[in-house]
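Trainee: Here are the chains, one letter per residue:
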Amino acid sequence: MEGREVVLPTVSRVALCGGTHGNELSGVYLVRERLKRKRKVEEEDHISVVTVMSNPRAVQQCRRYTETDLNRCFTHATLSGPVTDKTPYEIVRSQELNTLLGPKGSPEAMDLVCDLHNTTANMGLCLIAYSDCDWISLHIYRYLQRQMSDIPVRFIHFDLPLNEAYSLDSVGKHGFAIEIGPQAHGVVRSNILSTMQEGVQHMLEWVHLFNSGTQFEGGKVDVYTMVKNVDYPRDFETHGITAAIHPQLQDRDFCLLRPNDPVFQTFSGETLKYKGTEPLYPFFINECAYYEKGIALSLARQRSVGIPSIRSEREGEQGKRKSSADEMEEEETIKGEMEGEGYQKLMEYGEESDSLNGQHN
Amino acid sequence: SGWNRIINNVARRVAIFGGTHGNEMSGVTLVNLWIQNGKEIHRKGVETKPFITNPRAVEKCTRYVDTDLNRAFTTENLSAPSGDDLPYEVQRAQQINEIFGPKGSPEAYDVIFDLHNTTSNMGCTLILESSKDHFNLQMMHYIKKAIAPDSCPVLLTEHPLLKYSTSRSVAKHPIGLEVGPQPQGVLRSNIFESMRVVLKHALDFIELFNEGLEFPPCTVDVFRVSEKMDYPRDTNGNIIAMVHPNLQDCDWEPLNPGDPMFQTFDGTTLRYEGAGTVYPTFINEAAYYEKQQAFVTTRRETLAAGAIKKT
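Going down the list, the sequences are from chains A and B. Mapping of the first sequence onto full-length UniProt numbering: position 351 corresponds to residue 351, and the numbering continues sequentially without gaps. Mapping of the second sequence onto full-length UniProt numbering: position 206 corresponds to residue 206, and the numbering continues sequentially without gaps.
I should point out that these hints are in silico values taken from the structure, not numbers from a laboratory. Honestly, I wouldn't trust all of these hints.
[Claimed, not checked] Keeping only pairs whose Cα atoms sit at most 20 Å apart, straight-line, the calculated EDC-like set for lysine to aspartate or glutamate is:
(1) B:Lys60 / A:Glu270
(2) B:Lys39 / A:Asp222
(3) B:Lys145 / B:Glu207
(4) A:Lys38 / B:Glu40
(5) B:Lys103 / B:Glu158
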């Protein structure tokens, strides 16, 4: 693996999106300020950045969404569905955004879509993506980790194929969400906004460096892969929740949850413990927006992922580009080699398999 | 000044309101719990009625549907002819006034506790509407002593302009409980338990009072509301600065002239330019962005409460 370098096309068209959820205000304010101070599209050497307010109606009302969650509307099925005057606003909007930034899966799509979010969970800064072998995203992640010392930076991977990927960031050739917490919805905390501004700035810095021909050396990064969600205990008849996140779990995102650790505290004071057999890493602990989605917390496995050295294509290198099928095959081969080296195979605990019904943001 | 004995009737009818704002989850959860099983709030000689004031907002987990219920109990609204064309919360205010009021009359409920959460770092705050409510002052004195060394700041909202018409105001003795920080729509165990403990002490006080215990004169330190401070805005009304990191989460701490107050998006510090030290609260409450309030300033005051005893 050493010395093996991957050459990738430049990331010349970047989309920065905020207000995908109208009450997650860091992204709303960041986008608003960028739109106020600069043109909607900025062109510098090697890079053009489009700044987008994804859900203006929800932003105006300071709500997560008006009719349906916009950040679940980017599956292939929803994007290609028919639009009538009864179609929910967010579905109409997702198709508009797909036209603007996509079409998803086509050569015309933005090279990179970065979608800005907040969470009420104590998650620090997380990049959330569908792939654990998109080298652009993983290198940006490592760059952010190294540049930002004040806040934990992590990478969360939801293992879904592209056509099932449901969030806005899946529209670009490369994409991820930047999720920062804890922040109450409908509130701007100055420290959280600063962190997001810093994260965006470093990301654009990396893209600029990459496009200018800088080689980024390979290495290893830690990745959290989503395994399952855990719902609140609920009343059988009313479906109302009957317990809250236990005080010993509250705010302890990414602290390993072991079998028999406390998870919930019922309203009568009883402690409910983690019944799984495999220790896992909790995140999105007590995210407000997830009560209605039946998620009290999500659980992930952590592993080390090897990333290759990468650089952007030079002028004239394009003619020598492999076909995308060959490129994919080569990426898969590299991935396989690195998994052999760096992947820590987990022992099978014989735990019942849960469907990967992962949902994020 | 000696004994200034104030005679009170029994506090016989007590209500506990939750869900006045449908996304303030501690109150919603506690009241729903107590509607199912009221054992915890039962006290000898007193009827304690748990009640969800804004069920439609609770169902949608939103602050309100048409208009803020906790601003809707104005004389104008309560005396308006009833009708389906009225905003939902105005209709609701009229219904609540009928059940627990009428506001200002002898038939009104004796005590109403109104349970709220805030995104501000206010701890367990008790809200007092009148500086002359000796019963409430004695209760708050009792609660503060009971939870010491934890603190329970008292916010006095008696102010010609800033006082608002709350759902609890239909009662003779209205008490607001405001516990934070908690995001809207979220239920945090520790916040939930704090509210529960404060209410327990409040009901204990009522029980002791009804049993004939005399509460001697006392003083209560309060924070009297002074001035509403909005975010700096541009000519289009858009917010152009945020609560300064030095002020964020510093509810009830002194803010002196010259101290940082706001930070613009390009990093400039805006400072407090008042005449003297104030004690800000409701700092960065999510629901108040639309009410043009970044925080409210208060001034410290000591109120005297006369002795009270059941007749």
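Trainee: Each hint should be assessed against the structure and marked as holding or not.
Mentor: Consistency of the hints with the structure:
Between lysine 60 of chain B and glutamate 270 of chain A the alpha-carbon distance is near 28 Å, which puts this suggested pair outside the 20 Å criterion. Note on lysine 39 of chain B and aspartate 222 of chain A: the hinted pairing is violated, with a Cα-Cα distance of about 51 Å set against a maximum of 20 Å. With a CA separation close to 16 Å, the supplied pair lysine 145 of chain B and glutamate 207 of chain B stays within the 20 Å bound. In summary, the hint linking lysine 38 of chain A to glutamate 40 of chain B is not supported, as the alpha carbons are separated by about 59 Å, beyond the 20 Å threshold.
Among the hinted pairs, lysine 103 of chain B with glutamate 158 of chain B is consistent with the structure: their alpha-carbon atoms are about 17 Å apart, no more than 20 Å.
In the structure shown, a violation is registered for the earlier hints numbered 1, 2, 4, in ascending order.
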